[in-house]
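Engineer: One-letter residues, chain by chain:
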Amino acid sequence: EAQVTQNPRYLITVTGKKLTVTCSQNMNHEYMSWYRQDPGLGLRQIYYSMNVEVTDKGDVPEGYKVSRKEKRNFPLILESPSPNQTSLYFCASSYDRAEDTGELFFGEGSRLTVL
Amino acid sequence: AQKITQTQPGMFVQEKEAVTLDCTYDTSDPSYGLFWYKQPSSGEMIFLIYQGSYDQQNATEGRYSLNFQKARKSANLVISASQLGDSAMYFCAMRSFTGRRALTFGSGTRLQVQP
Chain A
1 EAQVTQNPRY
11 LITVTGKKLT
21 VTCSQNMNHE
31 YMSWYRQDPG
41 LGLRQIYYSM
51 NVEVTDKGDV
61 PEGYKVSRKE
71 KRNFPLILES
81 PSPNQTSLYF
91 CASSYDRAED
101 TGELFFGEGS
111 RLTVL
Chain B
1001 AQKITQTQPG
1011 MFVQEKEAVT
1021 LDCTYDTSDP
1031 SYGLFWYKQP
1041 SSGEMIFLIY
1051 QGSYDQQNAT
1061 EGRYSLNFQK
1071 ARKSANLVIS
1081 ASQLGDSAMY
1091 FCAMRSFTGR
1101 RALTFGSGTR
1111 LQVQP
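Chains as they are written, first to last, in the numbering used here: chain A, 1 to 115; chain B, 1001 to 1115.
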């Protein structure tokens, strides 16, 4: 089954304790991206990757890191989480071919609470 | 920069009636795609419908249709014969086919279908 898998789905942590949210896709997609969703703001892009070893900032990258060492994985790293990073996080992927619509396939979301 | 505007924070509709969710967008890109996603209370993002900027005809997918008016930069979602299961948050989004190819989301419309 084609899917984007995120872990953990739910996490409560404390300020300053490093954490990683994993994301893996099995569709051989070139493009991967992280979004955060906050009430009234829709989804905003944090980081994206066009392919292996190619990453770049989205609209709200502060406080986050990513890496793309393998095509299928795109982890999101919070080196020193703060309460304003409490949010619902989505990983998404898509093909990056001219003939595609560019539909993004989303993971199920990871709800993070930073105390 | 791209921008998506959804002016209806919440909508009510009676079961079996049709409803239109508004979406306007702004972009300087000549080529782009427009998407609608549904987010039920369980949180996952479900792709509903896609419209390419060069598509001549409005997109349809079952009970969903996209009323695309390029000159007015609007991409309204029409749901026919509403069902109780349609109660959810709906997001309009746009993706440029150039640059970082981010999917830019509106703030969403919460639809409640009443029996």
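Hints in this document: simulated from the structure, not taken from any laboratory.
None of these values were measured; they are calculated from a predicted model.
Fair warning: there could be bad hints in the mix.
As the list claims (entries may be wrong) - Here are the simulated DSS-like pairs of lysine-lysine, each with C-alpha atoms no more than 27 Å apart in a straight line:
1. A/Lys65 / B/Lys1073
2. A/Lys57 / B/Lys1003
3. A/Lys18 / A/Lys65
4. A/Lys65 / A/Lys17
5. A/Lys71 / A/Lys18
6. A/Lys17 / A/Lys57
Engineer: So, for every hint listed, does it hold in this structure?
Structural biologist: Verification of the supplied hints:
Restraint check: the Cα-Cα separation between A/Lys65 and B/Lys1073 comes to about 35 Å, which exceeds 27 Å; the hinted pair is violated. A C-alpha spacing of about 18 Å is found between A/Lys57 and B/Lys1003, which places the hinted pair at or below 27 Å, so the restraint holds. Between the alpha carbons of A/Lys18 and A/Lys65 the distance comes to roughly 11 Å, so the proposed pair stays at or under 27 Å and holds. Restraint check for A/Lys65 and A/Lys17: the C-alpha separation of about 14 Å stays at or below 27 Å, so the hint holds.
Between A/Lys71 and A/Lys18, the direct Cα distance comes to roughly 24 Å. Compliance with the 27 Å bound is thereby established for this hinted pair. Distance restraint check for A/Lys17 and A/Lys57: the Cα-Cα separation of roughly 23 Å lies within the 27 Å cut-off, and the hinted pair is therefore satisfied.
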